Amino acid sequence: MLSINDLHVSVGETEIIKGLSLRVPAGQVHAIMGPNGAGKSTLSYTLAGRSGYEVTEGEARLDGEDLLGLEPNERAARGVFLSFQYPLEIPGVPSLTFIRSALNAQRKARGEDEVSAPVFLKLAREAAGKLKMDFDMLKRPLNVGFSGGEKKRMEILQMAILQPRLLILDETDSGLDIDALRIVSEGVNAMRAPHRSMLVITHYQRLLDYIKPDVVHVLVGGRIVASGGPEMAHDLEKNGYDQYAKVPA
Amino acid sequence: MSLMKALSTRDASLLPGRRTEDWRWSDLKGVLRVVPGPSPAAEAPAASSVLPDLATDNEIVVVNGRADAFGFHAVAGLPRTLRLRIVSRADQTAHQGVLTLDIEPEAELTVIETYEGEGSGYLSDFSLAVSIGENAKLERIVVLDEPADAISISQSEIELRPGAMFSQTVLASGAKLQRHETHLRHPGGGSEVRLDGLYLLGGKRHADLTTVVDHGTADGVTVQLTKGLAKDQARGVFQGRIVVEEGADRTDARMGHHALLLNDGAEVDAKPELEIYADDVSCAHGSTVGSLDEDALFYMRARGIPEPEARALLMEAFVGEVVDRIRHEGVRAAVHAWVSAKLRALS
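Chains G and R supply the protein sequences, listed in that same order.
Per the numbering used here, residue 1 is the first one in the first sequence, and the count goes up by one each step.
Per the numbering used here, residue 1 is the first one in the second sequence, and the count goes up by one each step.
Source of the hints: derived by calculation from the structure; they are not laboratory data.
Only a predicted model underlies this, so the values are computations on that prediction, with no experimental measurement involved.
Treat the hints loosely; a few may be bogus.
As the list claims (entries may be wrong) - The calculated DMTMM-like cross-link candidates involving lysine to aspartate or glutamate, where the alpha carbons are at most 20 Å apart (straight line), are: (1) G:K132 - G:D113; (2) G:K108 - R:D293; (3) G:K151 - R:D295; (4) G:K151 - R:D324; (5) G:K139 - R:D324.
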């Protein structure tokens with residue numbers, strides 16, 4: 001379970017997250033919806049440990065363990081997976097090399113044996129097959145020259161192989177057409193499991209038609225201003241975020 | 001040139017330095033106030049310390065400037081490999097060596113030229129003259145692996161006949177001052193030349209890769225890719241000049257130089273030059289100096305890869321392009337291993 005208590009985050013001199021609290025029990029999918037500038041990306045980068053996002057107050061724990069004092073790679077080894085809005089291109093590093101390095105680094109950090117090349121190839125081949133990805137694509141440098149949909153599918157493939165405990169999807173729907181959105185959503189839904197928490201961060205309700213959340217939170221001005229059931233997403237789509245704009249600070 | 005004369009007369013004032021345009025970033029006069037005395041003769045170490053596992057058909061060893069052969073003559077027939085070991089076993093002394101390579105028409109040779117430094121504070125000056133006959137092929141791989149306090153200058157003059165092919169990859173790990181020069185007269189007429197380079201520098205090391213290609217006749221092709229990494233207070237220098245003379249029409253020449261500075265104290269100086277006096281040519285050059293992509297680093301770390309390993313992966317990917325262009329498979333594998341070891345020291 002992810003629990004965030006009274007989190008305050010500044011970027012440079014500006015406070016972006018202003019006392020955010022949130023609990024995502026294992027097995028649940030929570031959506032965070034909010035307008036531009038509400039702090040959605042700041043929240044996901046802070047949880048993943050990007051430098052430049054300074055936590056001035058509060059805490060974030062995964063299954064009781066403090067995340068905020070850990071390096072990004074240590075968080076990953078403990079099961080945090082941030083799916084990037086715009087996955088990076090890494091020229092010269094084949095996708096297979098990248099994912100295997102990540103898997104083995106995580107396993108090593110957890111004190112587990114590394115996965116041998118043949119075992120890894122089998123794993124990758126199966127995962128790619130389920131996502132209907134051309135296996136040859138995995139031999140190409142990571143994300144270089146991939147379409148938006150292919151990049152997102154590569155993220156899902158990484159999730160499927162790395163098997164994280166906490167999935168953070170940052171605007172996963174951006175840049176996807178309907179077909180790509182469906183495939184990516186199916187991939188995410190297949191990751192739903194009793195021991196896994198998911199945080200789906202999005203501006204639009206569209207993604208939530210495909211990935212059905214248990215709880216929807218509204219993030220405005222750096223804090224959660226309302227929480228409710230899945231129907232809240234439709235209400236936001238219809239009535240917009242303005243209704244929350246004047247919530248007293 | 002003046003270096004030869006400076007060494008023979010031991011007159012340091014004759015050394016090239018930053019007031020000489022071509023030496024302004026490799027200030028030999030500045031690092032060498034006194035010309036050292038001559039190096040004594042020495043035995044060659046039995047096995048090479050650089051690319052030790054690479055077997056070749058032939059071997060020439062030059063120790064402290066003294067060669068066990070005047071040169072090498074490659075004849076047509078099966079492709080052959082030659083190891084050329086330029087060994088310095090000297091302390092605070094200077095030596096000069098000269099050698100010729102003669103590649104007959106239709107012959108095919110791969111030369112692995114390793115600069116092996118065993119002493120300290122030496123000055124090595126080595127010159128190689130190469131002639132490549134009609135339709136002959138030469139691939140030259142140069143690995144400069146010398147002590148941090150050495151001064152090492154190597155120069156080569158390459159002559160090609162029409163239809164000949166020449167490919168070169170120079171890999172430099174730097175020294176107090178390390179400079180590798182290639183001067184090449186391009187015969188045109190469909191001949192292809194590839195001149196690649198890679199420098200991997202840490203500490204206070206300096207490496208200078210300088211090339212001059214002269215296209216004198218039409219229809220010549222030259223491709224050039226040099227990459228470099230500089231860390232700590234290291235300094236990388238790339239000087240590439242391509243001259244396309246009057247009448248050398250339809251010359252196709254491409255030069256690229258790309259370097260990464262791994263921290264603030266490191267420095268890279270680049271001077272890519274194209275001088276074109278012919279018509280209907282296709283020439284381009286580009287030079288970039290940047291740093292490791294921080295966004296890519298974060299992405300890799302967010303997937304669980306610790307920072308040193310992520311940096312090493314990015315560096316390896318960056319320089320891999322140059323190593324992958326080496327045609328000889330065995331040499332390419334040996335060079336990959338050498339590069340990986342140097343990268344580990346830099347990450």
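Structure-based check of all given hints:
no.	hint	verdict
1	G:K132 - G:D113	29 Å, violated
2	G:K108 - R:D293	25 Å, violated
3	G:K151 - R:D295	16 Å, holds
4	G:K151 - R:D324	26 Å, violated
5	G:K139 - R:D324	16 Å, holds
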